[in-house]
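Chains A and B are the protein sequences, given in the same order. Okay, so the first sequence: first residue is 1 according to the numbering used here, each after it adds one. Okay, so the second sequence: first residue is 338 according to the numbering used here, each after it adds one.
No lab work stands behind these hints, which were simulated from the structure alone. It is possible that some hints are incorrect.
Unchecked claim - If you want a taste of the chain B side facing chain A, the calculated C-beta under 8 angstroms gives, among others: (1) Pro-403; (2) Ile-406; (3) Leu-421; (4) Glu-557.
We put the beta carbon where it would ideally sit given N, CA and C, even for glycine.
2 protein chains.
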Amino acid sequence: MRQGKGLRPTLSIATCRALGGDVQAVLPSAATLELFHNAFLVHDDVEDESLMRRGEPTLHTTHGVPIAINVGDAMLSLSLQPLLDNMAVVGLGRALRILRAVAGMTKESVEGQALELDWIRNGRWDLGADDYVTMVVKKTGWYSFIVPMQVGALAAGVVDDGRLRSLVPFGIALAVAFQITDDLLNLKATPDAYGKEIGGDLWEGKRTLILLHALRTASEEDRARAVAILSRPRASSTAGMHAVLERMAADGRISPDAARELEQALGAAAKPPKAIEDVQWLFDLIGRQGSLEVARDTAVLYASRAREQLAELDWIPPSRHRAVLEDLTAYVHERAR
Amino acid sequence: MRQGKGLRPTLSIATCRALGGDVQAVLPSAATLELFHNAFLVHDDVEDESLMRRGEPTLHTTHGVPIAINVGDAMLSLSLQPLLDNMAVVGLGRALRILRAVAGMTKESVEGQALELDWIRNGRWDLGADDYVTMVVKKTGWYSFIVPMQVGALAAGVVDDGRLRSLVPFGIALAVAFQITDDLLNLKATPDAYGKEIGGDLWEGKRTLILLHALRTASEEDRARAVAILSRPRASSTAGMHAVLERMAADGRISPDAARELEQALGAAAKPPKAIEDVQWLFDLIGRQGSLEVARDTAVLYASRAREQLAELDWIPPSRHRAVLEDLTAYVHERAR
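Chain A on its own, in the form it takes in the complex (with noise of 0.2 angstroms):
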């Protein structure tokens, strides 16, 4: 019931009508894409740990994490019925060449995923931009933006390979410029316009190109501090004891001693979380790097060139149709500016 943005289905609509297709050709597909989508992320929240979707506390948060397991999952269920349905809305042929692109589709996503989180378990932070570019087109290129596309073409009846191949270049290019926008609209985003946490990426710890680049670029030393403060967790379950400890122990309720030793029964339970001080001084080692500003510009060169890539694609003639793609793709270029 939360307000999304409905960019996968967008993108399917628009490209299945530019072609001359029928929207009920293309519906149960967008349909999939978009539950697909909703169970991605709420499984990609609670492996995040992530507190806020769409302006309100993440599902994991309100109902617990087997719940939201179970929701991603039945999700993911359920978006295999429409595909079969479709059967008799698209035909046989184009119904399989859908179902096999949105089975390439789901394991790319999970591969990207993979990706990122052995990088969070193995505290990888030596990333390169080709190492982010690569996780970014795996984990959403494929289902945000190229296949929402194909789907598209394939539900409007497109049967050449080479045109559907086509879009996976512009699909990259605007994933890649959609990806990177998104990420510094996390660091500067009021939650209204937003929807989602401020700071939410430097309190997961989220490898961004931002980040990577400021700790690539960074000193010896700011970079040690900043994996550091990286490797700690979010927030702890004993952050409320630890806080009480402090105050009795300067009260003189408990001897120096017995805190000291109490502290360290503590720290066993849990790591000590970030604090607020030390995401403000990620937040200004972003800035003294000046990471916003080449992220801003990879994210304008990807959006370029998704313009290109689209001014190419002249296979999809000019309509308001079209117009929806050419606007999406503007209107990213005009976010990361």
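Since chain A is already given, all that's left is putting chain B on it; use the hints.
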């Protein structure tokens, strides 16, 4: 790389071959079912906070929750491709019917899981044997018994809906008998023979036929005590801290007042977990109420019903492959006694 029973592929292959089908015709579907099962187990273990699986620590305890969730998603995603490749193996018509059976099966599973998680979330213990059976049939009956056999029959070329439907009551009876005996073994077996944790179901507060019977027949006082124990978490990251506090208070290193205040601060962070004595008391309650015997009788009843249902499936001619189904049914019957 862990040793599983391979129950689902076994059912698929035996049914297919018993009906004159080739093993190659059923292999992709059988692999899909095993993938789906493993995906479901990995997510299930996260949701139940299970510690052991197939004699080894669960995936989320060794690799963390985020990776375990993504591994489950990956296995779910990868299970689609073999079903699409199936078209070249068994032809379009059969492949599509298999896809539809799998789509229906996954829906049942997530609904069964949702039912169980809803009971946990709402602290529901006022459940009857019928609730338990409904949950088991949805959660495991379809994907572990009914659909594996249907898929085997479809791969062998069975097109008659009546025959496919007649596998349902057999699968249901087998599933319920199987699950009850599984629950019984969880309370009895040694780790070597079984591979799961001993009494893990009690630590997790799993709604088994056994525990539900004990609660239903216990005195009001015993039931209240049991529900209070079952509502506590399995473990707590602050358990060590409780122990340190207790020792320091006993040694007089902190005042009783300070100890109480710190315990309270700690208590706000985490409910005290179940103690081994609590779980032992639940064991004893189950013994006193004769719940093991009642569950065993119910399992034998369902196993007998499965035997009768299988005898009626006379369109599966006698062979060493049909014998696999008969042996499995006899094994379940034997295991229950």
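Check the structure against each numbered hint from earlier and tell me which ones fail, lowest number first.
Checked against the structure, the only hint that fails is number 4, while the rest are satisfied.
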